Amino acid sequence: GAGVSQTPSNKVTEKGKYVELRCDPISGHTALYWYRQSLGQGPEFLIYFQGTGAADDSGLPNDRFFAVRPEGSVSTLKIQRTERGDSAVYLCASSLRSATSGSGRAQYFGPGTRLTVL
Amino acid sequence: DQQVKQNSPSLSVQEGRISILNCDYTNSMFDYFLWYKKYPAEGPTFLISISSIKDKNEDGRFTVFLNKSAKHLSLHIVPSQPGDSAVYFCAARDSGNTPLVFGKGTRLSVIA
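Those protein sequence lines, which keep their order, are chains S and L.
Quick note: the first sequence uses our numbering, first residue 82, plus one each step.
Quick note: the second sequence uses our numbering, first residue 423, plus one each step.
Derived from the structure by calculation, the hints contain no laboratory data.
All figures in this text were calculated on a predicted structure; none of them were measured in a lab.
Among the hints, a few may not be true.
Claimed, not checked - Taking lysine to aspartate or glutamate and the DMTMM-like style, the derived pairs with C-alpha atoms no more than 25 Å apart in a straight line are:
hint, chain 1, residue 1, chain 2, residue 2
1, S, K96, S, E125
2, L, K526, S, E125
3, L, K526, S, D167
4, S, K159, S, D137
5, L, K526, S, E164
6, L, K427, S, D138
7, S, K96, S, E152
For reference, chain S alone in the conformation it holds in the complex (with noise of 0.2 Å):
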């Protein structure tokens, strides 16, 4: 089946531009997450949706960042007023929200959207 989906795969834009991502979970899929991967570094949590209310945005660098997912399904990412330090690999990930244990546990990834701020 189709995987989780992510577009622009590349985003090049100058400082003070906005931004959106676009996220496609995986169908029946209702958590959906957002992370952040810098160079040498692991993902980093930004926000959490279940269902169409985010259920965690504590990762949010700061109210630039929004993010949107208004029929809980896909998902935006928002970035006002872009700095060269929002420079990243924006991942979304989806997972099955009741699940408990075993690998209905594990969330999976999009291919991911490589910011460019100039």
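Starting from the structure of chain S, add chain L where the hints point.
Only chain L this time, still in chain S's reference frame:
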């Protein structure tokens, strides 16, 4: 303060031998541990996981061992193959659908 640590940034192993990747964690609330494999320009791919109620989980050539008292887990790959060359991330979470906490990764090179 890193809650999940992979202290070896890289590891080189000959084809056919065993690869052992290590991971340490500090948060005693973690109850589920995962290993992901990542190729360049791709997202992390789920490999194998283990719940804190177990100390071993095996899937083909991959085995994960968990030592809760030492807060340590390891991934064994045997026999190692050139296609296993990738960056391996250890990740952990506490109960429910909480976000994963990742280590910095270990780059495995399997030499033919």
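Open item on the list: For a quick check of understanding: which of the numbered hints are violated here, in increasing order?
Closed with: 7
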